[in-house]
Each structure stands twice: as C-alpha cells, then as structure tokens.
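Q: So the sequences go chain by chain: A and B.
The numbers in numbering that gives the first Met the number 0 rise by one with no breaks, and the one at position 210 of the first sequence is 209.
The numbers in numbering that gives the first Met the number 0 rise by one with no breaks, and the one at position 252 of the second sequence is 251.
FYI, nobody ran anything at the bench for these hints, they're computed from the structure.
Possibly wrong hints are sitting among the right ones.
Said to hold, decoys possible - Simulated crosslink set (BS3-like; lysine-lysine; CA at most 27 angstroms straight-line): (1) B/Lys-215 / A/Lys-349; (2) A/Lys-2 / B/Lys-235; (3) B/Lys-231 / A/Lys-2.
Residues per chain, in single letters:
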Amino acid sequence: MDKELKKKLAGRLRSYGLPGPLSVMEICGTHTTEFFRTGVKDLFPDRLRLVDGPGCPVCVTPNEYLDRAIEIGKSGAVIVSFGDMIKVPSSYSSLGAERAKGMKVEVVYSPMEALELAEKDPDSEVVFLSVGFETTAPGEAAVALRAKERNVKNFSLLPGNKLTPPAVKALLESGEVRIDGFIVPGHVSSVIGSEAWEFIAEDFGKPCVIAGFEDYDLITGTLALMDMLAAGESKLVNGYARAVRPGGNPRAMEVLYRVFRAADSEWRGLGPIPSSGLEMRDEFADFDASRKFRVTLPEPREHPGCRCGELLRGLILPVDCPLFGKACSPERPVGPCMVSTEGPCAAYYKYGR
Amino acid sequence: MNDMIEGLIRKILGPESIQLDDSAVLDPGPGKIAFTTDSFTVTPLFFPGGDIGKLAVNGTVNDLAVMGAIPLYLSCALILEEGLDMGELTKILESMRRAADYAGVKIVTGDTKVVGKGAADGIYINTAGIGIMENEALRGEIAPGDAVLINGSIGDHGVAVMAERNRLSFTRGLLSDCAPLNHLMERVASNCPGAVKFARDATRGGVASVLNEIVKNRHFSATLNEASFPVKDEVKGVCGLLGIEPLYVANEGKLVMVCDGGRAEEIVHAMRETEEGREACIIGSIGAEYPGKVVLETEIGGRRMLPLLAEEQLPRIC
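All chains, full assembly: derive it from the sequences and hints.
A: Below you can see the structure in the form of structure tokens.
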C-alpha cells in the first residue's frame, strides 16, 4: 500500500471519535504481536481497548498436554516440537528443563522435518507435538498421511490441535466479558473460510472483521470495526479478501479431516469446550502418540498466582497480573503467555513497557 | 598428526603463526594499545558469505576497530575435534589468511589442541588481537541531538547462517555480511576527525542490543526510524516467518555509530566511500523523551519499545 495513504489512514485511526469506551478482541497470536510491532496499537484512540483472546496455541494448551509429552519423553522417545513449546512450564517441569537433564527434545520449523528425523533414526520413537489451530493442523495431517503411506512405524503425533470458532462461541455464550467487536485471524480464516465466523454477527449481534497482518490490514480492519460500531451495525467484514474466500481452502480442510475429527477439548482458562479440538481418527491410531504410549500422568496443577486463564478469556490485560514483569518474565516464565512469541504477556513485556 | 596440522597451519597462515619460541615479541610503536579476544563456535562451519575462519579474523579486527584502534596483530588458537576433515581445515585456514590479508593484520602466534570425538563440534577458534590507538578511544559524551548511523543492511549474517542451518531454500543469494570494519573506521577518522562519539559492531543481539547498551541508565533515549534502516527482503521474509526481528539479529560487518547530529551527513559520506559502508545511512537520533529506553518509530508513525532481550534469538551464530 502507498505510504502516504497508509499515513492518512493512520491519522484517521489516531483521531477517531469514539461514541464511548469500546473493547475489541483479537483472537490470534500473530495479531497480538503485530498490533504492537507495527505501532498500530500506539495509534489507538484513548477509549479503545484491545483485548487479547485465546489466540495463542501454546498458551491455550493445558498443562496436562505437556505433562504427557514429558512422560512420553521419559520413556526414551525423541520429542519434536516447534520452538515455542520448549520453555513453557508444565505442571512440574518443562521440555527445556527435561532436555537439560538428558531428554531428547528437538526443535523443528516444519512437522515434515520431524518425519525425516524418524526416517533417519528408525531405532528411535519420534513424537511430534501437534499443537496449533486450523492453520497448522492441515500440515500436521499431511505428515500423518505421509507417515502412513511410507509406513514409518516409529513416528507419531501427540494431538493437541484446537479449533478457533468454538472457543469464540464459548466466550460469547459465557457472557463473562463485554466485547463490542472482534478482529478474527486472517490465516485461520484462509483455511476455514469467512463463513465460519458469520455466527458472531448473526447469533450474537457483534461486528466482526477478518484482518490480515500488515500494518495497513490492522489499521483498515480496526477502522472497519469502529465504523460498524459507530453506525450500530453488526456484520462480518472480510478485510483480508486477498487470502480468504467464503469457503476457505477445501483441499486443506479435506486433508485435515481425513486424519483428524472434531472432539471435545480442554482449553487453558476456558475449560472443556465441545467439539473444539482435534483427535486422530481410528485409522491413524498407530500414529497417535496418546494411544501408542501408555503413560501415567502426575496430578496436573497450575501455578497458584498465574492469571493466564483470565487473560485468555479477555478478563484482564497482562499488566493486571501481579506476577507480570516481576515473578514472571520471559527469562523465568510462570505461565505460557509469557513464553510464546505470540503470547500476550510476552508481547506486552517486549513492546509495551 | 599434530606435526601434520602444524605444518598445514604454518604453510597457510605463514611462518610466524606458530611462534618457535614461547611467545611472539612485537613492537607496535609508541602509544596506547587496544587488546581483545573472542572465541568462535558458529555452526555450520561454512555458510553463504563466510566461514568460521573468516569470522574469527573479522570479529576480533572489528572489536579493535570500533574502539578507534588500528588492528595490527592476531593470535589464532584452534580446538579441533578428532576426525575433522583436513580438507575443511585447509579451507578454513585459507579463509583466515585471506581475511587477515584483506584487513591488513598479521597472525603472529597460535596454538592447536585436538580433543576427542564428541568433545567439540568440528572446530572452535579463539583469536586475540592487538591494535594501536592513534587517538583517544571512541567513547565520547553522548547527548540529545546526536545522530545514530549504520553502515548498511541489518540482519544478513544471522539470517544467512540460520537459512543454511535449516536449509531454507528461499534465501538463495543472501550472504553473511562478515567483513572487517577497520578500513571504514580509518576512513571516517581521516575524513571527519573527532566526529565519532561512539561506535560498536552490532554482533550478537543485533542493533537493538547495541542501542540498549548505549542508553542504559543514562538520561537520554535512542529513537530509531523504521522507514530509514535498510533490511533486505530475504531477511524480512525469514524473520517474519520465524517471528524474530531483524533489529535483534546478529551482524558481522555492521556497526552502530553515534555522532553529533550536525556531522552525520559528513560521516555517512565518508563511510560510503568504503566497500563496507556503501549503504551507510542515518537511522535515528538521541533524544531526551524516554530516558534509558530505545524506541522504534514504525513506518506508520506508531511507537514501540525495543527492549534488551535476555533470550538469544539464535544460538551459536558466531
């Protein structure tokens, strides 16, 4: 986008006359950081509050999932993950702490690399931590398909994937927090399609914008939302039409559901939500680490002072947590929201002070 | 085995590189000397635009140069893992020799140890360097109104190494910026005497870390202008993909300079006359608004902090 036009739009956002105090929620870890990184959040008019929802996959993963990964690792398997997960505290430890004690933990940038590791080392069990929303799940499904096709017996996924629309629905149904409008994730929408978000406007009467990730996407998306709020409208606006179609990406969805099926799932902070997660279909049981490895889990626990749960429900901002920046920092994280690069606490700590 | 290695080193680095006596005896002339040391453990050993040998020479040369010293002598201590390919060692030593010749420094002493398989990762190199100070060290009083300069694009080294390590195919053509900065510093010193208040090479932790070191506990802040600093598209792409920021990525041929605002253009001009400063530019200023902080003004005019990050974004990059 033309630089001058961008500056003009930025000026419009900065001086926007709001009808009253407004809270808008974003539900995407990349939005959390990009609003800060691009400086768009700094342009927000005073009475506009941006609330972070359950949009960081690492953050919403409950401790029990990591506890299981660690127990599987203790059995000698190689645990393979995206880097964000390594420092996240589990109930009693973390993958990073276990690695320092000798557990085999590998970081990759693509799940396909995990399969390659398994093929290179057929004597080791290789377990990939399949965490992420609709954006990463098709890739993880594709790896499971490839593993089955090539009959790689020492490879499995530990499914922890989640679906975003059911979580937003659960938040709205709970009525616990007042959100005036939503900015929903562009990448997720490119897979599931804009239609998947229509319920926000239709069933709950809230305006909703699908936004991309460039500075101008964030500015125009926020402006579209405020224009609707000012006019008392509640519609779904696709502000990322260059990537998001109404029906999404049918090929990706087909791959995803060939391997996975929707299942009830536990979210940190939000608790169990019906049909909000993905489990592996029975045909892939051999590649499902949760079935392949029978482990005994310790009693899961949360750090007593950690308020990640309330944060992920949009009830508080990171700075409202008494641990923020004191007992909890990126070097010594207490909760996952301080660890992940997409976590709201990490973003506030990094950019906001 | 050791005789063979010593022979190879002496042949490539020159007869002085393994001194026959217990130490090299030098005569750097009158005046103060600058003395520094650094160890290099980068993985992989070879990456686009450089290798561990070139890095080991330039890294130490640069630590001397940014203080305002003229680098003269280096030591070279090698720790080799048993089984290291002799062809690779030869290439690394040849690269050190080329880098030393280009920078105009002599490798005057050295040592080699071989450790068992698994006790090191191929090769580690330590270099120490001595330079002479012709003027006072470049550590002047920084004040609001000063300008912040850089000599070219940000993040090339870290991203080139990471791309090589992770076989990211879309960065083809991106090279590490690994280069000596002494010629550039000498040009600035002779064209604009007394103009530079501070210079530091922006290695681990990148430009953002250097700026944080400058403002820490001081009464002034540094503000960078995002639109002004050069970042290559490949670097932006990889950083975006991996969620890291070019401003925190290591460079091996870039320095951050602070000077009086009125003399900034003159220095930029001098830097641009050198190979290592072709893309030199002003990237920000020193102000009084947020004491002790580094602030980034984004392209759209928003502001955010650039704090010191405790976490290393990428391990073993140098």
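Q: All hints are to be evaluated individually against the structure, with a verdict given for each.
A: Structure-based check of all given hints:
Only pairs whose Cα atoms come within 27 angstroms are accepted, and B/Lys-215 paired with A/Lys-349 is accepted, the gap being roughly 16 angstroms. For the given pair, A/Lys-2 sits about 18 angstroms from B/Lys-235 by alpha-carbon distance, which is consistent with the 27 angstroms threshold. Restraint check for B/Lys-231 and A/Lys-2: satisfied, since their Cα atoms lie roughly 18 angstroms apart, inside the 27 angstroms limit.
In the structure shown, no violation is registered for any of the earlier numbered hints.
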